[in-house]
Amino acid sequence: MKLYSLGTTAAVPKAIIGRITTAGIAPGQAREDHILFLKEAPPPADTDGYAAVLTTQGGAPWADHVPVVHSLTGVDYLADGDVVRIDPNGYVRTLYRRQSPNNFILTTDQCNSYCLMCSQPPKRVNDFYRLAEHIRLVDLMDPETKELVITGGEPTLLKDGFLRLIQHCKEKLPGTALHVLTNGRLFYYRRFAEALGAIGHPDLMLGIPVYSDVDSAHDYVVQAKGAFEQTVTGLHNLARHDVAVEIRVVLHALTYRRLPQTAEFIARNFPFAAQVALMGMEMVGFVHKNMAELWIDPHDYQKELAEATWFLFRSGLNVKIYNHQLCVLDRLLWPFACRSISDWKNIYLDTCDPCLARDRCGGFFESAAKKHSDYIKPLLDLKAPHNAGVAVA
Amino acid sequence: MRQARFEKPDFYRSGTVYQLLPFQFMDFGLGRKLVVNEVGEHLILSNAEFQAFVSHGLDQACDTYLDLKTKHFLYDSESKVPFDLLSIKYRTKRAFLAGFTKLHIFVVSLRCEHSCPYCQVSRVSTDKARYDMSPETASRALDLVFRSPAPEVKIEFQGGEPLLNFERIRQIVEEAETRGAASRKSLEFVVCSNLTLLNDEILGYLQTHNVLVSTSLDGPAFLHNANRPRAGNNSHELAVRGIRRVREALGEEKVSALMTTTRLSLQHPHEIINEYISNGFHSVFLRPISPYGFAVKTARSTGYRIEEFVEFYKRALDYILKLNREGTYFVELYARLLLTRILTPFPTGYVDLQSPAGAGIGVAVYNYDGDVYATDESRMLAEMEDKQFRLGSVHGDSYEEIFGNELLRTIVASSCVESMPGCADCAFQAFCGADSIHNYGTQGDIVGHRPTSDFHKRNFELIKHLLTLYHSDSTIQRIFWSWVQDAPLGQLTEGVPQ
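Keeping their order, the protein sequence lines are chains A and B.
Going by this note's numbering, the first sequence opens with residue 1, and the numbers climb by one from there.
Going by this note's numbering, the second sequence opens with residue 1, and the numbers climb by one from there.
Keep in mind the hints are simulated off the structure, nothing from the lab.
One or more of the hints may lead you astray.
[To be verified] What the simulated footprint calls covered on chain A by chain B, stretch by stretch (three residues with Cβ under 8 Å from a Cβ of chain B suffice, anywhere in the stretch; the number is not a length): (1) 3-13; (2) 164-178; (3) 311-317.
[Claimed, not checked] So, partial list: chain B residues that the calculated Cβ filter (under 7 Å) puts toward chain A: (4) Arg5; (5) Phe6; (6) Tyr12; (7) Gln51; (8) Ala52; (9) Val54; (10) Ser55; (11) Leu66; (12) Thr70; (13) Phe83; (14) Leu85; (15) Gly490.
Glycine included, every Cβ here is placed at the ideal spot set by N, Cα and C.
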């Protein structure tokens with residue numbers, strides 16, 4: 001899914017963030033927060049006070065007193081309530097889609113880990129100044145938003161800025177569930193965990209990866225010595241301060257073998273986890289560099305996945321399987337499978353067209369089009385058992 | 001960020017030799033050793049692996065090494081994680097100690113109209129004035145209950161037959177409710193009754209005040225009536241009718257039953273379980289006879305060697321497992337307790353099997369005459385003229401005098417399995433507990449002598465049996481987990497949330 005467009009700017013000296021309106025806003029109703037989007041509509045008589053105007057028409061001589069992006073193409077996805085950023089070079093990027101269940105804030109591109117399979121490789125850039133933009137974005141979001149993901153990079157690297165952002169979400173989006181994707185390492189410092197707990201966000205969960213029960217194996221996957229110690233301690237510090245955590249395990253050739261033991265380790269050491277997600281690998285970013293070491297056909301780890309899933313489930317943990325196609329998943333594990341892939345990067349293959357389980361299936365990451373399990377096939381009889389011999393339920 | 005290249009796995013290995021963390025072990029048959037650490041995590045190793053492990057020669061790349069490492073039997077770096085996790089898990093396992101005395105037993109009357117030969121409390125049949133708890137005694141006992149720091153308090157009415165002094169139950173419930181509201185303690189009431197005196201008025205009261213009912217059901221009529229004689233020989237009929245009436249009036253889960261195993265019971269494990277099922281129960285607690293009260297005098301007719309009980313228990317458990325396999329969800333409650341200790345990180349307080357023992361710090365008994373005892377068994381001994389474990393009296397002794405009592409301190413100090421002879425090096429230490437009063441009652445000494453202890457033999461054999469079963473069969477594993485989670489097997493397989 002495309003979420004940016006290029007046009008020609010006029011009077012845009014610096015980036016502008018605003019909320020899309022197509023119908024227009026009466027003067028005095030916070031026009032300065034809004035970006036007027038004219039598709040085929042003729043220009044209105046009055047464009048005063050808008051943050052900017054977007055149009056597909058070639059040129060907009062009638063709007064010489066507001067910032068304008070004209071000659072935009074392929075902007076059908078823009079809808080009322082969405083929030084976009086206009087850059088001086090003419091790019092209009094969507095930061096928030098009101099109708100989507102998959103909104104996120106990418107807080108920073110920096111990270112203190114360097115995971116072998118990172119789907120969004122960190123960059124060595126100073127981008128902490130973007131906090132102001134994130135805060136502004138939260139201001140412009142619809143308070144009806146059900147869920148918002150705070151991700152990165154590593155969001156906690158913003159330290160106080162991270163706490164400010166969570167605090168701001170609590171104030172401006174009190175009804176929005178926050179899901180923070182973090183490696184949890186900075187919560188090794190108890191005061192940081194305490195400060196996050198003290199915010200008292202009503203619906204906050206931190207998704208934190210634990211890749212192995214073995215410290216050196218985890219440290220190797222995240223390419224950071226001591227990361228296991230920091231994350232494990234961090235998880236307990238968060239629990240002490242009543243912050244809900246989700247434990248995430250990405251499955252690949254380096255993690256699948258001890259998955260059952262990792263599950264037991266989680267059940268014994270983090271019984272407070274609100275949920276445990278066993279996740280298929282997204283084939284982007286660093287995965288390509290480390291493909292030889294990471295790739296295993298999901299078909300080939302079903303035994304370990306089933307064993308781990310059942311162990312966690314029996315232990316009373318809320319276990320979920322993300323990013324797995326039903327045709328490679330043992331039938332008994334289907335109830336655990338979630339449609340977890342964000343709408344903007346979720347695809348199905350042509351092979352899937354006749355599949356009777358397609359509607360229940362989470363499908364693929366866009367990136368899986370080129371590389372996926374060899375066992376993908378349409379399921380034409382949902383009553384027939386499949387993957388027999390794998391079940392350990 | 002710091003790096004533009006990926007490091008190799010070796011870069012992340014500590015390269016340090018490993019050190020052992022505290023654990024216990026025992027021979028587990030078939031050339032294997034069972035190892036259990038202080039927080040109750042266990043592994044089964046081959047003798048060769050065990051030898052290599054303890055002589056610091058285990059290959060650091062093998063799975064057994066990694067299993068031992070991640071279950072915290074060894075550590076191989078300067079990381080404090082193994083110690084942090086162990087201490088957190090240790091605290092969690094001991095969390096039942098927090099809050100101090102939670103169970104408060106009121107013996108509202110020693111009178112009873114049954115005449116069970118195995119009676120542990122030496123009931124009396126006459127003299128209401130002498131053997132019923134007075135209003136003043138009840139009030140003073142409640143003063144002590146509400147001095148307990150426990151935020152959740154359970155008040156249990158026992159006897160004799162407590163319904164014979166229903167007036168006192170009403171007084172205690174209502175006074176406790178008033179005081180509970182003021183002190184913000186949450187309260188739970190249980191009445192332990194044979195249900196023969198149940199009537200609509202009592203039922204209505206129990207319902208209004210949310211009082212749970214615990215009764216006795218020893219098996220089918222022939223067995224129950226033989227164990228529990230009363231005039232008319234109809235104890236079973238009255239118990240079954242009572243159970244049904246309580247269920248109808250109060251709800252399915254408001255009534256539970258206890259069984260006591262007599263010599264006659266030993267021959268009938270299937271019949272006992274079938275009786276529980278046909279009366280709508282989903283569980284049974286297979287209890288051996290307590291060697292107190294009349295049970296001592298009648299040991300020759302009702303008693304048995306503990307080996308016979310263990311044999312009975314195994315046969316009954318086999319049958320229960322068969323029923324579960326065939327789709328009937330049915331739990332043996334002592335197994336659930338032990339399995340929860342074996343399989344989960346969670347604390348399980350059970351005053352008859354914990355370390356330190358529950359006497360006084362987990363349970364206190366207020367006798368009809370105002371004497372306070374450390375456990376139910378203590379007052380049973382007292383009825384046998386041995387007031388060794390009398391902590392004081394509600395008439396005249398303060399909370400501090402009773403619960404800070406030197407005797408109680410001695411019991412606590414002498415009932416930590418970590419230091420008791422025969423327990424200190426037992427592989428089952430983390431799953432087990434001590435009962436000083438039982439040791440005293442059966443062996444004349446609160447520390448006791450493990451090799452000749454029936455308490456030890458029963459728990460040792462049961463724990464070993466459960467572990468052996470768990471590691472023998474994946475279906476049994478599923479059944480045991482379903483008991484621990486209290487969810488029928490179906491719910492732990494196909495019935496997962498969509």
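Hints and how they fare:
1. 3-13: violated (count 0)
2. 164-178: Coverage by chain B is violated here, the residue count being 0 at a Cβ distance below 8 Å.
3. 311-317: holds (count 4)
4. Arg5: Since the shortest Cβ distance to chain A is 9 Å, the answer is violated.
5. Phe6: With a minimum Cβ separation of about 6 Å from chain A (threshold 7 Å), the hint on B/Phe6 holds.
6. Tyr12: holds, 4 Å
7. Gln51: violated, 22 Å
8. Ala52: violated, 19 Å
9. Val54: Since chain A brings no Cβ nearer than about 21 Å to B/Val54, farther than 7 Å, the hint is violated.
10. Ser55: violated, 22 Å
11. Leu66: holds, 5 Å
12. Thr70: holds, 4 Å
13. Phe83: The hint is violated - B/Phe83 has no Cβ within 7 Å of chain A, the shortest such distance being about 11 Å.
14. Leu85: holds, 5 Å
15. Gly490: violated, 11 Å
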